[in-house]
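Could you slot chain G onto chain F? The hints should help.
Okay, here's what each chain looks like letter by letter:
2 protein chains.
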Amino acid sequence: MPSENDTKKPAASEKKTATAVKMASKQQEISVTEFFEKNKQILGFDSRSKSLLMGIKEAVDNSLDACEEAAILPDVDVTIDRLNDEDYHIVIEDNGPGIVHKMMPNVFGRLLYGSRFHALRQSRGQQGIGISATVMYGNITTGKPAHVESKIEGEDEVAWGMDIVIDTKANRPIVTNDKAFTWEGKEHGTRIAYTIKGRYITGKQSIFEYLRDTAIVNPHAQIVFRDPEGKRFTFERATDIMPPRPKEIKPHPEGMEIGDLMKYASNSAQKTMNTFLKNDFSRITDRLAKEILAKAKVKEDKKPADLTREEAIAILEAIKTAKIMAPPTDCLSPIGDHLIKKGLMHVLDGLRPEYYATPVTRSPKAVNGNPFVVEAGIVYGGDIPSDGQVQILRFANRVPLLYQQGACAITKAISEMDWRRYGLEQRGGKGIPYGPAIILVHVASTKVPFTSEGKEAVAGFPELQSEIGLALRLCARNLKSHLNKMERKKKTHAKFEIVQEILPDMAQKAADHLGKPVPNLDRTITKIMNVVWVEPSVEKKGKNLRVIKYTVYNYTNTKRTLRLHAQVPRESLNLTLYSNPFFLDINDEGKANWEIPDIEPSMHKELMFELSGDMADTFDADDIYFSGLNPVIVMGAELLPGDWGIKGMEIVESDDDFVNEDEEEETEVEELDDE
Amino acid sequence: MPSENDTKKPAASEKKTATAVKMASKQQEISVTEFFEKNKQILGFDSRSKSLLMGIKEAVDNSLDACEEAAILPDVDVTIDRLNDEDYHIVIEDNGPGIVHKMMPNVFGRLLYGSRFHALRQSRGQQGIGISATVMYGNITTGKPAHVESKIEGEDEVAWGMDIVIDTKANRPIVTNDKAFTWEGKEHGTRIAYTIKGRYITGKQSIFEYLRDTAIVNPHAQIVFRDPEGKRFTFERATDIMPPRPKEIKPHPEGMEIGDLMKYASNSAQKTMNTFLKNDFSRITDRLAKEILAKAKVKEDKKPADLTREEAIAILEAIKTAKIMAPPTDCLSPIGDHLIKKGLMHVLDGLRPEYYATPVTRSPKAVNGNPFVVEAGIVYGGDIPSDGQVQILRFANRVPLLYQQGACAITKAISEMDWRRYGLEQRGGKGIPYGPAIILVHVASTKVPFTSEGKEAVAGFPELQSEIGLALRLCARNLKSHLNKMERKKKTHAKFEIVQEILPDMAQKAADHLGKPVPNLDRTITKIMNVVWVEPSVEKKGKNLRVIKYTVYNYTNTKRTLRLHAQVPRESLNLTLYSNPFFLDINDEGKANWEIPDIEPSMHKELMFELSGDMADTFDADDIYFSGLNPVIVMGAELLPGDWGIKGMEIVESDDDFVNEDEEEETEVEELDDE
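Chains as they are written, first to last, in my numbering: chain F, 87 to 761; chain G, 87 to 761.
Honestly, the hints are just simulated from the structure, not real lab data.
Some hints here could point you the wrong way.
Copies of one chain are not kept apart here, so a pair can be met inside one copy or by any two copies together.
In silico PhoX-like links for lysine-lysine, alpha-carbon gap of 20 Å or less [unchecked claim]:
| id | residue 1 | residue 2 |
| --- | --- | --- |
| 1 | 498 | 516 |
| 2 | 108 | 188 |
| 3 | 645 | 691 |
| 4 | 388 | 645 |
| 5 | 112 | 188 |
| 6 | 406 | 381 |
| 7 | 290 | 317 |
| 8 | 317 | 613 |
| 9 | 230 | 265 |
| 10 | 230 | 255 |
| 11 | 290 | 516 |
| 12 | 108 | 333 |
| 13 | 406 | 283 |
| 14 | 255 | 349 |
| 15 | 364 | 333 |
| 16 | 336 | 409 |
| 17 | 349 | 388 |
| 18 | 349 | 283 |
| 19 | 385 | 364 |
Extracted from the complex, chain F is given alone in its bound form (with noise of 0.2 Å):
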């Protein structure tokens, strides 16, 4: 190699060799960990106000996952002091299954260090980042340690603390004053306290927006939250039914790359091709696997490290054609109808909307042989605001997510969406729309691909971005065909109206021009009506309680029955539905169904329950189903559609002439899916 003396050489050509030598000896090994801490803004700690967020998010996400994994109701405590003007004092104490002694320097000290990163199931942190980050910056900015402390269950045990700083040249911990000591409060649990430099907002992207978020959509914890001013709040657990804790799988085949299968094969266990295939990936059976390999021709007893590029290639083209199941969803917890309803309803605050479009939950995909479900749910209207863009709310693995919002796949589902097909304002059909409605959309996944360490924004990969726009588009649908339903029933209310008042006055004028006395009309309006009309209405009395009333009225020359069918929150019932005389029966799932016998002609008959508690509210009144009677007289109600499940009842076959209105928008998703 020429050195700088190198007299031989012209100086321009010394001078550039030096430049290759020179940057050799510059070359050299970055650590993880002063690589993250010279680009903090990655983990998501940029602005004071955000680091204060992610510390505490990283905490009680941990939390959350390692009670869920010991099947223990989460108690999750978090407690925030001011020292002075930018240093903050955190506490977070959860009743998890605690830390065993000797791991507890690496589970906090370490970047990259962790248990959930090689299991395919769903859970919070997978990255073995964030809470060693955090004491990173605990460190960094207030150069004080993090002081950890944790109790295993088990009489015997004793607690254990210990002072944590990060050596971040070499990413180890560096422990002082590591003692055992007397656990008090809870019976087993872990706690860590840090200081770290902040600002502490309230708000938007506030901690009490964090945590709030997080209680909805895991209403089987308890969080307590103590702010710097010493105020309070609790976030009661809502139900003592832990969500089914998800069940680790094996990777699905769908979507590996190459690189991928020839990793499993060389440190696979297995024997033989065909037991690899069987055993060590989900969804293959043994006819599967022997198809794959007969079709890559790949001999079955071959050893799976022998597998050579062009036998990979060869299986990965046949699993391509091999019919192979979707994924399992046990590794998964979606959040549910329910939860969402529920969820949107806590956000409103004591806002009445006009709608809760019924959430979607879509079957399982897998992207890179990782399992994905999308949820969706939409409000609409009432007192929500309309003058500002729509609200959104996403979550990730039942964490909310408050930053990056414009980096996201869902904020980017929803903007490449047309919203103005779905009654909402949009420019051009493109951007986020604007009216008085709250989007809400979960993606749950065994590995959630974040655009960033930090967790903030789930990454475009087009498979998911595709999902997350069905969902979205079901879900508008929903929505849509609520809005259409309430215009056709303004414009219907508006003939019945005219009809109602025009002709006795009519009948007056011309009654009063022959001197003649004025006429009955009932029968008239019948003959121009001719229909039956369900007309609901929902009247508030008190905080929580709710009179729903259906009044069906015959305007038909014949005796008429009716059969009215709606899905009822069920922990809203109360013994009104029991006891009414016209209902049926109930399902698990809250689908009611009345009868209304003999109505006769000009006569109305009335349907009247009541609804109680919290979620009272999310039941939508026009949401009124019939079956028994033809499509074409009957007005304020729907047709039931044939995927309503009850046994039993007959459903009078539609004209040829009567059109779902909703059966073109059905076949554009549908065209989606296989997009």
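Relative to the frame of chain F, chain G by itself:
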């Protein structure tokens, strides 16, 4: 530690103890390579089309960095071949200084390894991740190794080539076929060839767009691109002058955290606190070091390694109140006004805009010890489509940012500004504005705070965000004052035309009526108008020739002499400027001065010159200034501002009631500066 066989405890607690122990057994280190393998979206390798772009971007950015480091005018060749459906073979070759043989494996085959991470100096690649990640995704998606070759300068040097695969478990390169060979073609340089799964797209967010935008802001580079169809595009070098090489600096004390200070102190080679502050930081003089230490009550001869936390806090407090110069700018390489205009012009692709707002380059600030500079430019109106959102061009350290627009501090700054005040449409004064405009923003820093390792968006640090906002406001104010000028001109023009049309008309009618001859109205019009009128016009002569004409009408009672001033693009000048009889002089910035003497009442004179070349269109004829007359009688030109900086040019004092209408906004911007 209790085992699962410990029978003394109840079943429940046994299970819970088991959880902590079970979890402990799963705790493990996560290799950084494995982390990114499973989170490829963080590096930008999510969709196939984006992956293809990312790899090329990382390689080209490295080539440009290396060439600049060695002061070589860059020649970069990019070749893409499509092997089959999704497999692409990519070759990127440069004429850079090359890479020393023994460093090649680590540079291309190890994540978090590089030469620029620790250097405080503007460069494109800093993380030591990008190119190794590209090699890794080539490996993973196609199973093929990357092939790299390099030849360093020097006749005696042989070139070396090798195949590289990354061991993702160990984050180490696995090298095969390491061979010396004879380099052909360029004198020295580096060539990387790899196969990767991708999708080749054209148009928005394409490789072509990235290379074009790169060429625009790196006019000293020549880039040759061969697309998968064999089409060759050459982005010619526009200048042989290298941008000044950014100098490496020491950290600036502004915004330093206590952890940083203590780390610097403990790693310092300096013997005393005084020399430590003076020599390890930029902008700390001996006087300042003494002042800071005195204020913090730390002895000057204390050993830096002995600095306590309390002393560090005191020093940081003292630094806050000390008057430390802004960071040096020679570590940065801004694009500059001229290239910003040129860049905007290229993007317009032949469309003719109405107005180029003068680009703004802010003075440097620091965030976390890293100096940064923000530049902004706006082009408006004319042929630019006016029905959609404005187009945003984002650059960081001379690299175009094509993805993650929604996540970027630049977009956020644009969205949070009320553009309605500056003549663009924007609902509610928030969000990306609509209208015929293109907005360019460049952030240059010794360390650009990207939101993720994919380097697609700039994080929203408050200091940075506010600087971007200020640059945009200044630029927009410029636009607004142009729009105001146009509006005023239109109005005055209308008045002018009325006087010129109606008066003669009235005179004609009066004369007809009285049977007398029509009087000469010139003096009457002059009396009514009492202005000196400057009327600019631009005539297009062929693709690149513009004839600029200023007609100066004297509608006052006395003979007038007027000076005109305009800034013209120097490279567009031709002899017509110098040969014009009214021409006085022109300076290096293109600020030209004319004097139009002795215009008699009711007479006019014409100033005419030509501009040629592709920058001719960036000249705004309406941007014309005058001096030598009282501003209340001049229409169609603005009073020459005080900072025009022309020696010996006599400026007439403005009347007391003459108010600069930009003054109010100026104040607002200044106030923002103090935020």
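Just pull the numbers of the violated hints for me, sorted ascending. Hints 4, 8 contradicted; others consistent.
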